[in-house]
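Could you put together the complete structure from these sequences and hints?
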Amino acid sequence: MSGRADLRVWRWPVALSVLIAVGLAAALLGEGGAWWGLSWAALAVPLATIAVALARSRRRARSGRSNAGAARPS
Amino acid sequence: MTRAALRKWFWVHKWTSLVCTAFLLLICVTGLPLVFSDEINDALDGALPYAAVPAGTPRVDLDHLITASRARYPGETVLFAALLDDEPKVIVTLAPSWAAFVADRHAVHRIQFDAHTGAVLKASDPNQDAGVRVTDVLLSLHRDLFAALPGELFLGLIGLLFVAAIVSGVVVYGPFMRRLDFATVRSERSSRVKWLDLHNLLGIVPLMWMLVVGATGVVNELSTPLFGLWQITDVKAMLAPMAGKPVPQQLSSPQAAIDVARAAAPEMVPTSVVFPGSPFGSPYHYLIWTKGRSALTSRLFSPILVDARDGKLAAVVMMPWYLRVLEVSRPLHFGDYGGWPLKIIWCLLDIVTIAVLGSGLYLWFGRRRLPPEFSEVEADLADSRVSGPLVERAAE
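Protein chains in written order, with the working numbering: chain A, 1 to 74; chain B, 1001 to 1396.
Source of the hints: derived by calculation from the structure; they are not laboratory data.
Glycine included, each C-beta is placed from N, C-alpha and C at the ideal position.
Output of the computed footprint for chain B on chain A, the stretches with three or more beta carbons under 8 Å from beta carbons of chain B: (1) 21-33; (2) 36-50; (3) 58-64.
Rendered as structure tokens:
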């Protein structure tokens, strides 16, 4: 039971960390433009994630009530 | 995880963060312009622009530039020649003598030559060069708080605390996020709850980057001891037979020395020449620093020694593993290896890190010992353990 909860909690953080690692390595180890492009794209995803989260947070503040992704009732 | 474990990890996270936050804020803020230090230095340089030449134009013979340098400052000793490969520039550094340079590193003349035409782009006096560049001030603050080696080691310690804060933060993140969807920021609730969620979001998303930049920062702070270790081990052994020998009156051709180095290591690119007489080099060898051609190997430098008495190859020096680790840590820390978009990304992630630090401070300055969600999180942990541990009262 707690295993599934763990998966849910860590799915996104792990995916983002892997993306960042790939992005950092791609430009360092790869030669040429395609690798640089891969690097920038991979590293842009965490930044985009933050931007989307901030935008959603602003919507929550304005509407003043919880969205679908809110805390689960105990 | 038990409640006791959570509290312990939370305590670790709180205290490692608190001790390092003030210094880390300084490091992050000074780090921001330092990402663009090359561009800033070039913009403030005041050197003449390069000549526009057709592609494939060969570079001027280094001997010609050395002769011109000696003619400009007669009686002075040539110390180094730097051969830039991403720009058509050669920088020759002279001083009254090696001893004078060791006594005062600013007492040098530095001449920038156009590598294609041999024209002088900029020549500076010791007096002129006394002005310190803004990037040097920022770097001093960032790296050692103007305190040289003790400052470097202290900030290295701070970097270790930063890594500990990140690791403990990851451990504490799990229980806090059990009942929240990823990236939820409950801004409709109190300011504290909003900032707690923001702190968690901004911390967990770029976690890998903060870990890499933090860890490579620690390694970089060790560069003085690591090079020192190399000096007193391999280098001392290598230079021992040469110690005390005189610097030759007639030096062999520098350009020929570079050509010999190129022939000895064709996969490498010569990047600078240290002339004979350096206290850290050899009295009678040219020490030619070379680097690899690929993105990664261009950060790995290997010195080649060429005898200045007869122009013959003397040795291709292998660098030890711990210096290779240091060299690889540099691009991963500076973010300067993937073009300007990577530098922009580096700055944005730096700003996110500043927000994590700032929000952490804000949360700490709140009245309560523990954050508002703590009691719910602890109750959660008690519920989730099937084997029924002692259930304590949730703290207020």
